[in-house]
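If you read the sequences in order, they're chains A and B. So the first sequence is numbered by this note's numbering: it starts at 1 and just counts up by one. So the second sequence is numbered by this note's numbering: it starts at 1 and just counts up by one.
Please keep in mind that the hints were generated in silico from the structure rather than gathered at the bench. As the structure is a computational prediction, the values presented were derived from the model and not from experiment. Take these hints with a grain of salt, some might be off.
Claimed, not checked - Okay, derived cross-link-like pairs now, DSSO-like style, lysine-lysine, Cα gap no bigger than 27 Å in a straight line:
#1 B:K42 <-> A:K13
#2 B:K15 <-> B:K71
#3 B:K15 <-> A:K30
#4 B:K71 <-> B:K103
#5 B:K5 <-> B:K42
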Amino acid sequence: DAGVTQSPTHLIKTRGQHVTLRCSPISGHKSVSWYQQVLGQGPQFIFQYYEKEERGRGNFPDRFSARQFPNYSSELNVNALLLGDSALYLCASSLDRLGGYTFGSGTRLTVV
Amino acid sequence: QQQVKQSPQSLIVQKGGISIINCAYENTAFDYFPWYQQFPGKGPALLIAIRPDVSEKKEGRFTISFNKSAKQFSLHIMDSQPGDSATYFCAARSRDDKIIFGKGTRLHILP
């Protein structure tokens, strides 16, 4: 069985640009969450979607947005990139809100 | 405000020894406490988890001890092996489904 897949694996962007990160959850998982992990820190919650509806949002600026598609895959969009947005962006999926989350390997975003 | 405090930041243990990582939380509304293991270049992997109505859970060499009144929980790795060398995160899930992570412990097992 395929796990949570994220694309791309690595990305370099320039300040002010826009980026779209993609996530495919484990088959059958309806809940997708996004996390930002800065080097040396624990992951920080950005968004959670369940059945295509936003169920939670972390303390991130409006430059961050996300959506979930009918097939439960998800996109994270970040506008007007800042140097401080450089991080590993993790996607996690779960069957429902009661289950444990399975994380993908992440997208390493570098903003220069 | 850090809702889940983890210690130590780093830990060195001899092969065959016991590795112990401690965490404390503040929010009594947390309802699920997972531990994650992360290797370089990989996402966190769920290791073991516990609910607050249970005081201990054991899976193989990994044990969680949970003290609800003290709002503390810990991970014990018995017979630690070099392959256990990784970063470990304790975490807590809030009622609105956010997973709040600790800052992590870098564990190194000496061969």
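Hint by hint, here is what the structure shows:
| no. | hint | result |
| --- | --- | --- |
| 1 | B:K42 <-> A:K13 | holds, 21 Å |
| 2 | B:K15 <-> B:K71 | violated, 30 Å |
| 3 | B:K15 <-> A:K30 | violated, 41 Å |
| 4 | B:K71 <-> B:K103 | holds, 17 Å |
| 5 | B:K5 <-> B:K42 | holds, 23 Å |
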